[in-house]
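Student: Build the full structure now, drawing on both the sequences and the hints.
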Amino acid sequence: MNIVLNGECRQVREGAHLSDLVVELSLTGQRFAIEVNAELVPRSRFAEHRLNPDDRVEIIQAVGGG
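Per our numbering, residue 688 is the first one in the sequence shown, and the count goes up by one each step.
To be clear, the hints were calculated from the coordinates, so they are not data collected in a lab.
Keep in mind the model is a prediction, meaning the values are calculated, not measured.
It cannot be assumed that every hint is accurate.
Pair by pair, the computed Cβ-Cβ distance ranges are [said to hold, decoys possible]:
| no. | residue 1 | residue 2 | range |
| --- | --- | --- | --- |
| 1 | G751 | L712 | 16 to 24 Å |
| 2 | Q748 | N724 | 17 to 25 Å |
| 3 | G751 | E701 | 16 to 24 Å |
| 4 | G751 | G702 | 31 to 39 Å |
| 5 | M688 | G751 | 30 to 38 Å |
| 6 | M688 | V750 | 15 to 23 Å |
| 7 | E701 | A749 | 24 to 32 Å |
| 8 | A734 | R697 | 15 to 23 Å |
| 9 | T715 | E695 | 20 to 28 Å |
| 10 | T715 | G751 | 14 to 22 Å |
| 11 | V728 | E695 | 15 to 23 Å |
| 12 | L727 | A703 | 13 to 21 Å |
| 13 | P729 | V750 | 19 to 27 Å |
Here a beta-carbon is modelled for each residue, glycine too, at the ideal position from N, C-alpha and C.
Tutor: Below is the structure:
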């Protein structure tokens with residue numbers, strides 16, 4: 688199925704969860720936030736949040752600085 692990830696169309700498997708997407712993108716252990724359809728999804732819910740066709744997913748990575 689297709690989702691929109693950071694403005695670009697991306698194919699993911701049917702029934703995928705946010706945690707699957709995190710693994711697929713090699714983001715495990717990094718600092719980031721994920722919004723799905725303009726709603727922030729807590730990290731504690733990644734494993735239970737199922738992706739749906741045409742979901743708009745935004746991944747925002749934390750950048751250190753000072």
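Student: So, for every hint listed, does it hold in this structure?
Tutor: Hints, verified against the model:
{"no.": "1", "hint": "G751 to L712: 16 to 24 Å", "result": "holds (20 Å)"}
{"no.": "2", "hint": "Q748 to N724: 17 to 25 Å", "result": "holds (19 Å)"}
{"no.": "3", "hint": "G751 to E701: 16 to 24 Å", "result": "violated (37 Å)"}
{"no.": "4", "hint": "G751 to G702: 31 to 39 Å", "result": "holds (35 Å)"}
{"no.": "5", "hint": "M688 to G751: 30 to 38 Å", "result": "holds (35 Å)"}
{"no.": "6", "hint": "M688 to V750: 15 to 23 Å", "result": "violated (31 Å)"}
{"no.": "7", "hint": "E701 to A749: 24 to 32 Å", "result": "holds (31 Å)"}
{"no.": "8", "hint": "A734 to R697: 15 to 23 Å", "result": "holds (20 Å)"}
{"no.": "9", "hint": "T715 to E695: 20 to 28 Å", "result": "holds (21 Å)"}
{"no.": "10", "hint": "T715 to G751: 14 to 22 Å", "result": "holds (19 Å)"}
{"no.": "11", "hint": "V728 to E695: 15 to 23 Å", "result": "holds (19 Å)"}
{"no.": "12", "hint": "L727 to A703: 13 to 21 Å", "result": "holds (19 Å)"}
{"no.": "13", "hint": "P729 to V750: 19 to 27 Å", "result": "holds (21 Å)"}
The structure does not agree with the numbered hints 3, 6 stated previously, though it agrees with the rest.
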